[in-house]
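> What follows is each chain in one-letter form.
There are 2 protein chains.
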Amino acid sequence: MIDIEIIGFIAAILTTSAYLPQAFKIWRTKNAESVSLSMYSVMFLGIFLWLVYSIYLKRPSMIFANVITIIIISTIIFLKIKSKKNS
Amino acid sequence: MIDIEIIGFIAAILTTSAYLPQAFKIWRTKNAESVSLSMYSVMFLGIFLWLVYSIYLKRPSMIFANVITIIIISTIIFLKIKSKKNS
Numbered sequence: 424m425i426d427i428e429i430i431g432f433i434a435a436i437l438t439t440s441a442y443l444p445q446a447f448k449i450w451r452t453k454n455a456e457s458v459s460l461s462m463y464s465v466m467f468l469g470i471f472l473w474l475v476y477s478i479y480l481k482r483p484s485m486i487f488a489n490v491i492t493i494i495i496i497s498t499i500i501f502l503k504i505k506s507k508k509n510s
Numbered sequence: 424m425i426d427i428e429i430i431g432f433i434a435a436i437l438t439t440s441a442y443l444p445q446a447f448k449i450w451r452t453k454n455a456e457s458v459s460l461s462m463y464s465v466m467f468l469g470i471f472l473w474l475v476y477s478i479y480l481k482r483p484s485m486i487f488a489n490v491i492t493i494i495i496i497s498t499i500i501f502l503k504i505k506s507k508k509n510s
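Chains as they are written, first to last, in this note's numbering: chain A, 424 to 510; chain B, 424 to 510.
These aren't lab readings, by the way, just hints derived from the structure by calculation. Yeah, the Cβ is synthetic: ideal placement off N, Cα and C, and Gly gets one too. Just so you know, not all the hints are guaranteed correct.
As the list claims (entries may be wrong) - Straight-line distance between alpha carbons at most 25 Å, and here's what the computed BS3-like set of lysine-lysine pairs gives:
{"no.": "1", "chain 1": "A", "residue 1": "K448", "chain 2": "A", "residue 2": "K507"}
{"no.": "2", "chain 1": "B", "residue 1": "K453", "chain 2": "B", "residue 2": "K503"}
{"no.": "3", "chain 1": "B", "residue 1": "K453", "chain 2": "A", "residue 2": "K448"}
{"no.": "4", "chain 1": "B", "residue 1": "K505", "chain 2": "B", "residue 2": "K448"}
{"no.": "5", "chain 1": "B", "residue 1": "K448", "chain 2": "B", "residue 2": "K507"}
{"no.": "6", "chain 1": "B", "residue 1": "K507", "chain 2": "A", "residue 2": "K448"}
{"no.": "7", "chain 1": "B", "residue 1": "K448", "chain 2": "A", "residue 2": "K448"}
{"no.": "8", "chain 1": "B", "residue 1": "K453", "chain 2": "B", "residue 2": "K507"}
{"no.": "9", "chain 1": "B", "residue 1": "K448", "chain 2": "A", "residue 2": "K507"}
{"no.": "10", "chain 1": "A", "residue 1": "K503", "chain 2": "B", "residue 2": "K448"}
{"no.": "11", "chain 1": "B", "residue 1": "K453", "chain 2": "B", "residue 2": "K508"}
{"no.": "12", "chain 1": "A", "residue 1": "K481", "chain 2": "B", "residue 2": "K481"}
{"no.": "13", "chain 1": "A", "residue 1": "K508", "chain 2": "A", "residue 2": "K448"}
{"no.": "14", "chain 1": "B", "residue 1": "K505", "chain 2": "B", "residue 2": "K453"}
{"no.": "15", "chain 1": "A", "residue 1": "K448", "chain 2": "B", "residue 2": "K481"}
{"no.": "16", "chain 1": "B", "residue 1": "K508", "chain 2": "A", "residue 2": "K453"}
{"no.": "17", "chain 1": "A", "residue 1": "K453", "chain 2": "A", "residue 2": "K503"}
{"no.": "18", "chain 1": "B", "residue 1": "K448", "chain 2": "B", "residue 2": "K503"}
To be verified - Covered stretches of chain B, going by a simulated chain A footprint (3 or more residues, C-beta under 8 Å):
{"no.": "19", "region": "429 to 435"}
{"no.": "20", "region": "441 to 454"}
Stated by the list, open to error - The following label-pair restraints were derived from C-beta to C-beta distances:
{"no.": "21", "chain 1": "B", "residue 1": "V490", "chain 2": "A", "residue 2": "W450", "range": "24 to 34 Å"}
{"no.": "22", "chain 1": "A", "residue 1": "V475", "chain 2": "B", "residue 2": "K453", "range": "36 to 46 Å"}
{"no.": "23", "chain 1": "A", "residue 1": "I494", "chain 2": "B", "residue 2": "D426", "range": "41 to 51 Å"}
{"no.": "24", "chain 1": "B", "residue 1": "P483", "chain 2": "A", "residue 2": "S506", "range": "31 to 41 Å"}
{"no.": "25", "chain 1": "A", "residue 1": "S459", "chain 2": "B", "residue 2": "L480", "range": "29 to 39 Å"}
{"no.": "26", "chain 1": "B", "residue 1": "I478", "chain 2": "A", "residue 2": "P483", "range": "15 to 25 Å"}
{"no.": "27", "chain 1": "B", "residue 1": "K448", "chain 2": "A", "residue 2": "P444", "range": "35 to 45 Å"}
{"no.": "28", "chain 1": "B", "residue 1": "L468", "chain 2": "A", "residue 2": "M462", "range": "18 to 28 Å"}
{"no.": "29", "chain 1": "B", "residue 1": "T452", "chain 2": "A", "residue 2": "V490", "range": "27 to 37 Å"}
{"no.": "30", "chain 1": "B", "residue 1": "S459", "chain 2": "A", "residue 2": "S461", "range": "16 to 26 Å"}
Please model the entire structure based on the sequences and the hints provided.
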């Protein structure tokens, strides 16, 4: 039987990497107009609560996924706010 | 002590509702040009594996979140493919 954490880690890599093109595009073009700040703020809060949840369950793949996702989402929010100030 | 599943359900509502404006916008405008099919396909696969993971752990809030997210992402993918065919 395979360890369920392996499934979790594959899931983590897929769901976190789905955010990367968006972050990379904003970074490269320095244009965050198409990104919704309210959507990412709600997402940030949601992922933060999932992080609390996963730390409580002590599940390494979930903690990993939520930490990486929070870093990516924070970067997108940071770039969005920065581009708003510049415009 | 509060039940960790309550935290999970609040997290579930936040992370799933973050996808709704995107789905609703595509539905309303019938325009899915701005959406990346590859990103949503990777996300779909990732969420599917999280669903397997959450069923294994028998965690109601995680199962709920992943089922709802899969429905929303499938709808976005469906609208994207439909709008591609029409263009």
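> If a hint holds in the structure, say so; if it doesn't, say that too.
Evaluation of the provided hints:
1. A/K448 x A/K507: OK: A/K448 and A/K507 at ~16 Å, within 25 Å.
2. B/K453 x B/K503: This hinted pair holds, its Cα atoms lying about 9 Å apart.
3. B/K453 x A/K448: 24 Å, holds
4. B/K505 x B/K448: 15 Å, holds
5. B/K448 x B/K507: With a Cα-Cα distance of about 16 Å, the restraint between B/K448 and B/K507 holds, given a limit of 25 Å.
6. B/K507 x A/K448: Answer holds: B/K507 to A/K448 is near 22 Å, not above 25 Å.
7. B/K448 x A/K448: Answer holds: B/K448 to A/K448 is near 21 Å, not above 25 Å.
8. B/K453 x B/K507: Given pair B/K453, B/K507 holds - Cα atoms ~11 Å apart, limit 25 Å.
9. B/K448 x A/K507: The hint holds at about 22 Å.
10. A/K503 x B/K448: 20 Å, holds
11. B/K453 x B/K508: At roughly 12 Å apart (the allowed maximum being 25 Å), B/K508 and B/K453 satisfy the hint.
12. A/K481 x B/K481: Satisfied, since the Cα-Cα distance of roughly 15 Å is no more than 25 Å.
13. A/K508 x A/K448: 19 Å, holds
14. B/K505 x B/K453: 9 Å, holds
15. A/K448 x B/K481: 37 Å, violated
16. B/K508 x A/K453: Violated, at roughly 32 Å.
17. A/K453 x A/K503: Holds, at about 9 Å.
18. B/K448 x B/K503: Judged against 25 Å, a Cα distance of about 12 Å means the pair holds.
19. 429 to 435: holds (count 5)
20. 441 to 454: Result for this restraint: holds, n = 3.
21. B/V490 x A/W450: 24 to 34 Å: 33 Å, holds
22. A/V475 x B/K453: 36 to 46 Å: 39 Å, holds
23. A/I494 x B/D426: 41 to 51 Å: This hint is violated: roughly 28 Å between Cβ atoms.
24. B/P483 x A/S506: 31 to 41 Å: 39 Å, holds
25. A/S459 x B/L480: 29 to 39 Å: 31 Å, holds
26. B/I478 x A/P483: 15 to 25 Å: 19 Å, holds
27. B/K448 x A/P444: 35 to 45 Å: 19 Å, violated
28. B/L468 x A/M462: 18 to 28 Å: Taking Cβ atoms as reference, B/L468 and A/M462 lie about 22 Å apart, which means the hint holds.
29. B/T452 x A/V490: 27 to 37 Å: Cβ of B/T452 to Cβ of A/V490: about 35 Å, so the range 27 to 37 Å holds.
30. B/S459 x A/S461: 16 to 26 Å: Given about 20 Å between the Cβ atoms, the range holds.
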